[in-house]
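Single-letter residue listing:
Protein chains: 4
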Amino acid sequence: MKKLKVGVIGAGRIGKLHTENIVNHIKDVEVAAIAEVYADRIRDWAQGLGIKNVYEDYRQILNDPEIDAVLICSSTNTHSQITIEAAKAGKHIFCEKPIDYDLDRINAALDAVKVAGVKFQVGFNRRFDHNFKRVRELVREGKIGEPHIIKITSRDPEPPSAEYARVSGGIFLDMTIHDFDMARYLSGSEVTEVFAAGAVLVDPEIGKAGDVDTAVITLRFENGAIGVIDNSRRAAYGYDQRVEVFGSKGCVTVSNDTPNSAVLSTAEGVVSEKPKYFFLERYKESFIDELKEFFDCIINDTEPSVGGIDGLKPVIIGLAAKESQRTGMPVKL
Amino acid sequence: MKKLKVGVIGAGRIGKLHTENIVNHIKDVEVAAIAEVYADRIRDWAQGLGIKNVYEDYRQILNDPEIDAVLICSSTNTHSQITIEAAKAGKHIFCEKPIDYDLDRINAALDAVKVAGVKFQVGFNRRFDHNFKRVRELVREGKIGEPHIIKITSRDPEPPSAEYARVSGGIFLDMTIHDFDMARYLSGSEVTEVFAAGAVLVDPEIGKAGDVDTAVITLRFENGAIGVIDNSRRAAYGYDQRVEVFGSKGCVTVSNDTPNSAVLSTAEGVVSEKPKYFFLERYKESFIDELKEFFDCIINDTEPSVGGIDGLKPVIIGLAAKESQRTGMPVKL
Amino acid sequence: MKKLKVGVIGAGRIGKLHTENIVNHIKDVEVAAIAEVYADRIRDWAQGLGIKNVYEDYRQILNDPEIDAVLICSSTNTHSQITIEAAKAGKHIFCEKPIDYDLDRINAALDAVKVAGVKFQVGFNRRFDHNFKRVRELVREGKIGEPHIIKITSRDPEPPSAEYARVSGGIFLDMTIHDFDMARYLSGSEVTEVFAAGAVLVDPEIGKAGDVDTAVITLRFENGAIGVIDNSRRAAYGYDQRVEVFGSKGCVTVSNDTPNSAVLSTAEGVVSEKPKYFFLERYKESFIDELKEFFDCIINDTEPSVGGIDGLKPVIIGLAAKESQRTGMPVKL
Amino acid sequence: MKKLKVGVIGAGRIGKLHTENIVNHIKDVEVAAIAEVYADRIRDWAQGLGIKNVYEDYRQILNDPEIDAVLICSSTNTHSQITIEAAKAGKHIFCEKPIDYDLDRINAALDAVKVAGVKFQVGFNRRFDHNFKRVRELVREGKIGEPHIIKITSRDPEPPSAEYARVSGGIFLDMTIHDFDMARYLSGSEVTEVFAAGAVLVDPEIGKAGDVDTAVITLRFENGAIGVIDNSRRAAYGYDQRVEVFGSKGCVTVSNDTPNSAVLSTAEGVVSEKPKYFFLERYKESFIDELKEFFDCIINDTEPSVGGIDGLKPVIIGLAAKESQRTGMPVKL
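One line per chain: the protein sequences are B, G, C and Z, in this order.
When the first sequence is numbered by my numbering, its final residue is 333 and no position is left out of the sequence of numbers.
When the second sequence is numbered by my numbering, its final residue is 333 and no position is left out of the sequence of numbers.
When the third sequence is numbered by my numbering, its final residue is 333 and no position is left out of the sequence of numbers.
When the fourth sequence is numbered by my numbering, its final residue is 333 and no position is left out of the sequence of numbers.
Everything labelled a hint here was simulated from the structure, so no lab data went into it.
Careful: at least some of the hints might be erroneous.
Treat identical chains as interchangeable: a pair holds within one or across any two.
With a straight-line cut-off of 20 Å between C-alpha atoms, the simulated SDA-like cross-links for lysine to any residue are [stated by the list, open to error]:
{"id": "1", "residue 1": "K249", "residue 2": "E273"}
{"id": "2", "residue 1": "K276", "residue 2": "N260"}
{"id": "3", "residue 1": "K3", "residue 2": "G188"}
{"id": "4", "residue 1": "K16", "residue 2": "R242"}
{"id": "5", "residue 1": "K88", "residue 2": "D57"}
{"id": "6", "residue 1": "K143", "residue 2": "E273"}
{"id": "7", "residue 1": "K88", "residue 2": "G269"}
{"id": "8", "residue 1": "K16", "residue 2": "R136"}
{"id": "9", "residue 1": "K143", "residue 2": "S261"}
{"id": "10", "residue 1": "K3", "residue 2": "D44"}
{"id": "11", "residue 1": "K27", "residue 2": "K284"}
{"id": "12", "residue 1": "K2", "residue 2": "N260"}
Keep in mind it's a predicted model, so treat the numbers as computed, not measured.
The whole structure should be built from the sequences, with the hints applied where relevant.
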């Protein structure tokens, strides 16, 4: 079988990760080209992976008729524009989240995808995590009955710089957005109301930048369920990623992954391992699995499970959360 | 040493429990009399415990100069009135929660206690639970730093009758009130804002009675922390009582108690025990320990850790939650 | 119903415990008398519990026709002799373990019990522990199929004095004897071979006293299963009491009980509680439940589940373990 | 840097695994050739991995001066002979366990390695497992003090065919050999005595083949510690791999890895995941990490942590266990 040819646009941390995952873990797919504005910085790395073409301009990838699909890993403000161009060029698209922070631009991008009839997947990798996927399966199989309460704990090990908080759109759009996606995924239902209670408890600089670093967000869902997300920019013990879905027949929870299962009991106490600290380590397999699904969808002509609507909805919820935090009032969607 | 003499007012489930706990577990305290409107129903039981005096009218207890203290375990609507009378009679008072649903009547009762200078303790037994007490200790010792997020899961194994929901004041006043107390206890801070998102997902009859059976309640605290309580009237797997306090230096969680630690691994899966099902079983020791503290306070002339203000505040929060649920808006206290 | 009248013989730690448990927790049973060679030491304590008769000579109990049953809690070397006398006096007998270290004396005691037709129960309280009892139930119900491997971990928090080790019969007879009983109980089968590998790793004085303080004992059972017990006289983290039964259909394990379920996660690690430290705390309920069974057997004229043979067999195994340790060879029973 | 060139000898399950791990996970190392007696069966597979040379005769690898190192993955009876030839050819050697079942042949192989001065590593991959490695680290760091008791549970999900049991050398040499290595690794000490209690409880055919399928093996170590291994050829719930080291200051345990951390609580019970079922899945990372160490040792001219003596000793222990099982007596080494 002819290998699927892929072009990667943007070789920052996530672009490099995807590239290496394809090279090392995904058969029948070839990274044919990489586009990076700072192309010189990545030539050695690309060569080491056996990738021949390194461009400064992503249009060279779009113009290459050999290339079947692109991974858009460039800076967020370019996602929607490149999506539109890639769709017009007939390339299947894997786009890092978020598509954009502007709803009009997202819709324009999704329209272009629709018109072109190409595959479109958004990089919500956590849906492919072994723990969360299992929760979703159990919910879907009816093991907990009708979902009543969805709980998501999502805490980062270290806060970003206040500078980042200023340009990222804030905690609800750069961090909680993953949890909004998870809330839709786990509940199998759409969010209809958001109430965000935020506070600045971790870093006053984040507050000065107009953002919060700690938040509890209440969600209401179309199916009647209620959700709650709690976020912190800094969990001293590492990356805290747990979910719980409670329903009419029971409850399913998942706990954090740890580097090993060692438990040390001494006169001082019983000590076990902290959660895996870094998101790349914690979600390692999920990054591979989301790409596998994307390429399978192209090869088998099926729809990605994380499509355009899944890129749009969390941004809508995130903007509503931002408004709720600003006004102190719940916001209906 | 002369034994402390106690009169128990009201011998329903909780009055009987307290009585038996004193007889079986607390030395130096004697249940000298019990008042119960349906006195005939309890004479055999009282005799079996060696209790001589069984009255229909609680005033006989208040008028007995030999009696040092009373336990008010009668129906809720009588608590504040009997508190006032008992205070005037110079009896130390252990009052079952809630003192009342009416703030004026609570204040009147607390004023009477103050004037009389008697000890007054409210029956928030969960503060004496081995798990929650340990969380409070760790928070107080600064082990988790400054509290940022307080999470309380509190789900009952079975819903009450819709009839009960109608007269009890509703979920926020009969069930969540324990969690409001726990929130104050764990955070060491007062609640300043409440937002309650409730739903009827367990029993439509509860909805018809004007109440909800599922709720997520967001709290803001004076110290800046944010809290969240999730309630359900029916957890299929039993009585679900967990808390988590997350702070600047770490996080402490407690899980449910189980009847035993057996884990059975077979081809079908790995199965462990469900939580203890019934609140009397789950909180067994805490009911004894709260009485021990009460009697110690009398003997040593110290103040009960769960005093009048602790009886008042949760009712204030509960009423606010009720209003928030009604209006759909957050309520400031 | 007339209360059962009991006489307690020997009021050391365990005699006092049983007495208090009856007074506080067991209805319909009255401690009518206590015999203790140092009677003066216990008069205040007995009076506080409302026990009228305190004797120096246990024969006063045996001669009292009002007394239905005795608890033999005196020093080990008197157990068999008092058992014989009590049986002749027609008293039902609860005898602390071990009955004796001499097989002939045990057999003589059991013969006397048989002739007299009185109830006889041995104080192997761990059979009444919530965890181990549940394991036994699951094994009996066939949940793990046929038992193949029985594992018992039993480690004390602190070693006894070397002096005690010298007079107690040694680790296999004073400590492992409980595990030998547990092995028979969990497997539902008799031990046919013992191999004991002991070492002196905790306290050289114990070695000088001719005993070991660390041991791994392999057992073979009549039903083909293999067992292994590991003992230490000193677990730095507390009292370590776990069992595991593995069989053709699965495996059941139980872990240690802890004072609470708090888990503290900080930058330093994830810390939870150590096991309950002291055997009286760990096995608290089991001491009450074994007496309840004994009295129920008397009242309902049924046989105690821990009878004479259950007192005899662990001593036989213990003596074999001692010989195995001495010779370095397995010993067949 | 020039890539290290490796030849793989034997492309059965384990040879294929190592080959794919090098190709996909290990940079700077190239699989230059593969030798396999059934070469035709693997040509497509090898081509897919970009491996050019596929030979029937392993001598073609040994004769290739470009090749730096070999992985001996052929059938056990050829290991020692190929080791000798590879050593003479100056190749560094990674040899699958066991080197041989005959001590003279092992010694001859190790002598050849010594004379040639090549690196030699044995494939005891479990030493590289995240859990067991952590236990070893904690022991080495003195966190548990002096080791007193080492416990290893090692149970397979499915028994091998009786035919395999007949030719493999039996349970102690094909299965427990991994645990004997683990015992030496965890204790940091040599075994001085073995007592094996085996039984046929899983499959009578295994018994007819002269082997046992269930075993408890007691070990004594030079440093005074006592060890115990329990084995079963069939754990209904999957691959059971746990260890525990208990010492003067405490105890460290590790539990099984599971596919995810989901816990489902319903009216029926609390259910969690079974252990990972298959050894390739359970020990996935360890297979990669042992090769990384091997290649690092070549590149940096250091000694592999699992050297010749580590290949020899477990076979000595295994043969002693076999004799102990046969005679029913402990065997000193």
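Each hint tested on the structure:
no., hint, result
1, K249 / E273, "between (32 Å within a copy, 16 Å between copies)"
2, K276 / N260, "both (9 Å within a copy, 14 Å between copies)"
3, K3 / G188, "neither (35 Å within a copy, 50 Å between copies)"
4, K16 / R242, "neither (27 Å within a copy, 37 Å between copies)"
5, K88 / D57, "within (17 Å within a copy, 55 Å between copies)"
6, K143 / E273, "between (30 Å within a copy, 14 Å between copies)"
7, K88 / G269, "neither (62 Å within a copy, 50 Å between copies)"
8, K16 / R136, "neither (29 Å within a copy, 35 Å between copies)"
9, K143 / S261, "between (28 Å within a copy, 16 Å between copies)"
10, K3 / D44, "between (24 Å within a copy, 16 Å between copies)"
11, K27 / K284, "both (18 Å within a copy, 19 Å between copies)"
12, K2 / N260, "neither (40 Å within a copy, 35 Å between copies)"
Violated hints, in rising order: 3, 4, 7, 8 and 12; the structure is consistent with all others.
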